[in-house]
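Assemble the whole structure, with the sequences as input and the hints as a guide.
For the sequence shown, the UniProt record's numbering assigns the number 1 to the initial residue and increments by one for each residue that follows.
If you are wondering where the hints come from, they were derived from the structure by calculation, not from laboratory data.
Virtual Cβ for every residue (Gly too), placed ideally from N, Cα, C.
Hints should not be assumed to be uniformly reliable.
[Claimed, not checked] Here are the computed distance ranges between Cβ atoms for each label pair:
id, residue 1, residue 2, range
1, 400, 305, 21 to 31 Å
2, 328, 246, 39 to 49 Å
3, 299, 237, 15 to 25 Å
[Unchecked claim] No more than 25 Å apart at the CA atoms, straight line, and that leaves these computed lysine-lysine pairs for DSS-like:
id, residue 1, residue 2
4, 248, 227
5, 265, 227
6, 72, 17
7, 246, 109
8, 17, 109
9, 248, 265
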Amino acid sequence: MSEKNPAGGKVPNRVGKYVLGRELGAGSSGRVFLSHDPYFDRDVAIKLYLLEDGLSESRRRARRQPFFNEAKLAGRLRHPNILPILDAGEEGSIGYVAIEYLPGAESLKSWIQPDRLLPVATVVGIVFKLARAIEYAHRMDVIHRDIKPSNVLRSPDGEVYLIDFGIAVHAGGLQEETGDKPTLAGSPSYMAPELIVGGEANPQTDIYSLGALLYELLVGRRPYGGKTLSDLLHQILYASPLPLGKLKSEIPLALDDIVSHALAKQPEKRFKTCFEFAAALVGVSQNLETVSQELRERERFNLLRRMSFFSDFTYPEIYEILKTGHWATHAQGSRIVSEGDVDERFSLIVTGRARVEQGGKTLGRLQAGDCFGEIGFVTPAKRSVTVVTEEPAEVFSVNATLMEQASVTTQLHFTRVFLKNLITRLARPRVSSQIT
1 MSEKNPAGGK VPNRVGKYVL GRELGAGSSG RVFLSHDPYF DRDVAIKLYL LEDGLSESRR
61 RARRQPFFNE AKLAGRLRHP NILPILDAGE EGSIGYVAIE YLPGAESLKS WIQPDRLLPV
121 ATVVGIVFKL ARAIEYAHRM DVIHRDIKPS NVLRSPDGEV YLIDFGIAVH AGGLQEETGD
181 KPTLAGSPSY MAPELIVGGE ANPQTDIYSL GALLYELLVG RRPYGGKTLS DLLHQILYAS
241 PLPLGKLKSE IPLALDDIVS HALAKQPEKR FKTCFEFAAA LVGVSQNLET VSQELRERER
301 FNLLRRMSFF SDFTYPEIYE ILKTGHWATH AQGSRIVSEG DVDERFSLIV TGRARVEQGG
361 KTLGRLQAGD CFGEIGFVTP AKRSVTVVTE EPAEVFSVNA TLMEQASVTT QLHFTRVFLK
421 NLITRLARPR VSSQIT
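In structure tokens form, the structure reads like this:
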């Protein structure tokens with residue numbers, strides 16, 4: 001293949017184990033090709049970076065940095081709304097990153113045209129998911145720095161994925177033609193005011209960018225415009241965007257307030273975290289039940305992943321188990337299980353405390369992180385004890401039948417951890433083994 005990439009280098013027929021096919025798109029740092037992984041017999045998207053092109057040393061460093069940023073994130077960020085980076089490598093002067101391929105997916109640029117705007121409820125759901133993904137990245141000490149419509153993919157089934165972490169930990173970004181003097185990192189239209197005046201990127205700068213994205217998805221125009229870059233930056237620093245309600249009457253005032261909060265000039269006046277941003281979106285409308293459910297699911301996921309039982313599970317595995325199990329909230333003094341009941345549930349105390357009784361006598365106590373019901377999970381049997389809450393508690397339960405809905409890999413992992421936990425429990429004193 002003799003075709004040249006944006007920087008002037010030739011595009012190979014293959015990099016690493018990947019066979020390159022048609023071009024899917026191009027950006028300032030490289031081009032993306034539909035490719036095939038013969039080892040796993042799957043299609044992937046390969047992003048190519050030209051790392052050496054005879055330019056100055058500073059330009060070569062700037063050219064290489066986005067590649068290294070994304071390569072370092074391979075396998076590190078695991079979230080349902082962040083597109084996974086599968087692999088990375090170098091061949092001569094070319095660097096490549098393998099990304100999961102989403103057939104039929106389009107960037108959100110397709111839905112910022114006035115004649116293709118999505119319903120308000122759909123937009124809120126999209127930005128809620130992005131806020132959740134960005135908050136996860138922040139907890140992993142990653143600041144995206146370039147949140148904009150072209151860096152979010154929407155699949156045919158309506159799911160959204162954050163992509164392109166090329167400048168996540170690098171301030172190279174936009175540079176002058178000589179490449180010897182870095183200027184702005186990111187896309188100016190979505191850039192927080194403090195970055196324009198030389199401030200450092202932090203969670204609040206990503207929150208600002210997400211607010212600008214929300215504004216554009218709702219009304220089909222950016223918060224600020226300008227005939228020149230200088231004019232645009234001046235508006236970001238000193239002007240106020242038009243209220244959303246004046247551009248689109250159906251937008252609730254509460255949603256306008258949320259966008260204004262995210263786009264505040266001073267970082268301390270914005271949402272403190274993307275979790276706060278997401279929570280505010282839930283309250284916009286009582287009709288957004290899907291968003292509310294996803295927020296509850298996310299909170300439950302966070303509770304499970306902090307438990308020692310799930311410490312060795314990947315995030316996708318925890319989500320799978322969460323969807324196959326049953327979550328229950330019990331008031332103080334409630335019976336979770338009763339002596340003599342036939343039960344096949346394996347349960348974990350997620351929050352709160354409970355008392356274990358047999359024949360009216362207290363055998364022991366359970367607290368958050370403790371589990372019970374292992375024997376019933378293996379084979380349905382009568383409970384030998386009663387478990388009563390001593391304070392409000394949340395309990396997560398699964399049974400063998402429900403676990404069959406999970407993938408084989410997740411089932412095997414769960415079984416290994418479950419058996420290890422059971423063996424440990426049976427090796428303890430008699431009271432502990434009775435609780436199983």
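Is the Cα-Cα distance between residue 248 and residue 265 25 Å or less?
-> Holds. Residue 248 to residue 265 sits at ~23 Å (cutoff 25 Å).
Is the distance from the Cβ of residue 299 to the Cβ of residue 237 consistent with 15 to 25 Å?
-> violated (37 Å)
Straight-line alpha-carbon gap residue 248 to residue 227, limit 25 Å = Judged against 25 Å, a Cα distance of about 24 Å means the pair holds.
Mind checking the alpha carbons of residue 17 and residue 109 for me, to see if they're no more than 25 Å apart?
-> violated (32 Å)
Given the hinted pair residue 265 and residue 227, is their alpha-carbon gap at most 25 Å?
-> Holds, at about 22 Å.
Is residue 246 close enough to residue 109, meaning Cα to Cα at most 25 Å?
-> Given that 25 Å is the threshold and the Cα spacing comes to 23 Å, the pair holds.
Could one say that the CB atoms of residue 400 and residue 305 fall in the range 21 to 31 Å?
-> Holds, at about 23 Å.
Whether the CB-CB distance between residue 328 and residue 246 falls inside 39 to 49 Å = holds (47 Å)
If you draw a straight line from the CA of residue 72 to the CA of residue 17, is it 25 Å or shorter?
-> Within the cut-off at roughly 19 Å; holds.
Checked against the numbered hints given earlier, this structure breaks hints 3 and 8; the rest are met.
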